[in-house]
Amino acid sequence: AGFFPGGGADLLVRCDRDNTTTTDSKFPLLVDSYNGRNTPLVYMEMTTTSSDETNTPQDVALESWRPDFPDYLQDLQSASVSEGCSCTTSLGDKQSVNGRKFDPNFVLHTSYLGAVVERTVKAERHPYHQHVYPFQLVQLNTDGRRDNTDSADDPEGYMQVGDWQDTFAGNALIRYQPQTFETKVMLHCHILKHEDLGMMAIEQVVKNDNDRLCTCGSVIRSNSDWPAWVIAVTVVLGALALFGSISFIVVKQRRRQRKEEGELPDVDETSP
Numbered sequence: 001a002g003f004f005p006g007g008g009a010d011l012l013v014r015c016d017r018d019n020t021t022t023t024d025s026k027f028p029l030l031v032d033s034y035n036g037r038n039t040p041l042v043y044m045e046m047t048t049t050s051s052d053e054t055n056t057p058q059d060v061a062l063e064s065w066r067p068d069f070p071d072y073l074q075d076l077q078s079a080s081v082s083e084g085c086s087c088t089t090s091l092g093d094k095q096s097v098n099g100r101k102f103d104p105n106f107v108l109h110t111s112y113l114g115a116v117v118e119r120t121v122k123a124e125r126h127p128y129h130q131h132v133y134p135f136q137l138v139q140l141n142t143d144g145r146r147d148n149t150d151s152a153d154d155p156e157g158y159m160q161v162g163d164w165q166d167t168f169a170g171n172a173l174i175r176y177q178p179q180t181f182e183t184k185v186m187l188h189c190h191i192l193k194h195e196d197l198g199m200m201a202i203e204q205v206v207k208n209d210n211d212r213l214c215t216c217g218s219v220i221r222s223n224s225d226w227p228a229w230v231i232a233v234t235v236v237l238g239a240l241a242l243f244g245s246i247s248f249i250v251v252k253q254r255r256r257q258r259k260e261e262g263e264l265p266d267v268d269e270t271s272p
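Mapped onto this note's numbering, the consecutive letters of the sequence shown carry residue numbers 1 to 272.
Honestly, the hints are just simulated from the structure, not real lab data. Here a beta-carbon is modelled for each residue, glycine too, at the ideal position from N, C-alpha and C. Treat the hints with care, as some may be off.
Straight-line alpha carbon distances no greater than 35 Å define the calculated DSBU-like cross-link-like pairs of lysine-lysine that follow [said to hold, decoys possible]:
| # | residue 1 | residue 2 |
| --- | --- | --- |
| 1 | Lys-101 | Lys-207 |
| 2 | Lys-101 | Lys-122 |
| 3 | Lys-94 | Lys-259 |
| 4 | Lys-184 | Lys-207 |
| 5 | Lys-193 | Lys-259 |
| 6 | Lys-122 | Lys-207 |
| 7 | Lys-122 | Lys-94 |
| 8 | Lys-184 | Lys-101 |
| 9 | Lys-252 | Lys-94 |
| 10 | Lys-193 | Lys-252 |
| 11 | Lys-207 | Lys-193 |
| 12 | Lys-252 | Lys-184 |
| 13 | Lys-26 | Lys-101 |
| 14 | Lys-184 | Lys-26 |
Pairwise CB distance ranges, derived in the manner of DEER restraints [what the hints assert, rightly or not]:
| # | residue 1 | residue 2 | range |
| --- | --- | --- | --- |
| 15 | Glu-182 | Arg-100 | 38 to 48 Å |
| 16 | Thr-88 | Arg-255 | 25 to 35 Å |
| 17 | Gln-77 | Asn-210 | 48 to 58 Å |
| 18 | Met-186 | Glu-45 | 47 to 57 Å |
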C-alpha cells in the first residue's frame, strides 16, 4: 500500500514457517512507494533453529473491533462547515504554501474552538502534513482515490474517504474540528528539503467568542492585529498624500519662477 514521508502504520506480523531448519531471513515490512521508487524502509530479520518437532502455526481468526474515537475524531463527512471556515491550501513550487514562503509573522488561515474546519488541499507532488489536529478525508479525486499517478499514486487504495490522517499526498477535501487547544497549527510539506526552503505555514486556532469567524488567506499578525487590507489602504493613502505634497511644491516653485521672469503680474499671494 502507499506509504508516504511522515506517514504511519500499525503492523501485525505472523511467522508461518515450520521450525525445522536453521535459516536467517530478512523481509521488507515497509516499502517507500513514493514517486515509484519502491525502496524498502523497514526490515524484519528472522532466525529459525532446527528442532526434532515440527511446530506448525495454526490459523486463528482475528476478532473484529472498532475503536472508541475521542471528541476531536468524530465523523465530519456530513457535518455543516462553519461559516468562513472553508479555505484552500496549496503546496506547489517546493518553496511556498499558497504562493508565500514561510514567515513567522503571517497566519495562513484562522479557526476557533468547536468550528468545523474544511480545507481544499492541493498537494499533488508533496506530502501535506498537519500538526496538533488530525484531519478526516472527506473527498478524494475521481474513482475514490487520488488519481495523480505521477507522485501520489495509491494503487491499492490505502487512503480512503472517512480515514483520519495527519499526512496526505495528492488532492483532497479534508475536515477537522479543533476541540481543546488554542494554538498555532503548523502545516508543511513532509519532504524535509522542501520544508526548509519555505514550504511551511501557520494556522491559528483561537478561543470561541460567540461571534468569532474563520478567515482564509494570509493575515498579518502584529501588536495591533491590523488586517492586511487596513495596512494596504494606509500605504496607498500615504503614497497619495506624498504625491500631492510633491505636486504642490513643484507647482508653487514653477509659479514663483514665472513671476520672476515677468510672465505673471505682481500680485500679493497673501491677499484674499
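Do the hints match the structure? See the list:
1. Lys-101 <-> Lys-207: holds, 27 Å
2. Lys-101 <-> Lys-122: holds, 16 Å
3. Lys-94 <-> Lys-259: Violated, because 63 Å separates the two Cα atoms, which is more than 35 Å.
4. Lys-184 <-> Lys-207: holds, 12 Å
5. Lys-193 <-> Lys-259: Violated, because 68 Å separates the two Cα atoms, which is more than 35 Å.
6. Lys-122 <-> Lys-207: Status holds; Cα separation ~28 Å.
7. Lys-122 <-> Lys-94: Distance of about 13 Å is within 35 Å: holds.
8. Lys-184 <-> Lys-101: holds, 17 Å
9. Lys-252 <-> Lys-94: violated, 53 Å
10. Lys-193 <-> Lys-252: Violated, because 58 Å separates the two Cα atoms, which is more than 35 Å.
11. Lys-207 <-> Lys-193: Holds - the C-alpha atoms of Lys-193 and Lys-207 are around 34 Å apart, at most 35 Å.
12. Lys-252 <-> Lys-184: violated, 54 Å
13. Lys-26 <-> Lys-101: violated, 43 Å
14. Lys-184 <-> Lys-26: violated, 43 Å
15. Glu-182 <-> Arg-100: 38 to 48 Å: Violated - the Cβ-Cβ distance for Glu-182 and Arg-100, about 24 Å, lies outside 38 to 48 Å.
16. Thr-88 <-> Arg-255: 25 to 35 Å: violated, 55 Å
17. Gln-77 <-> Asn-210: 48 to 58 Å: violated, 27 Å
18. Met-186 <-> Glu-45: 47 to 57 Å: At roughly 36 Å between Cβ atoms, Glu-45 and Met-186 fall outside 47 to 57 Å, so the hint is violated.
In this structure, the earlier hints numbered 3, 5, 9, 10, 12, 13, 14, 15, 16, 17 and 18 are contradicted, and the remaining ones agree with it.
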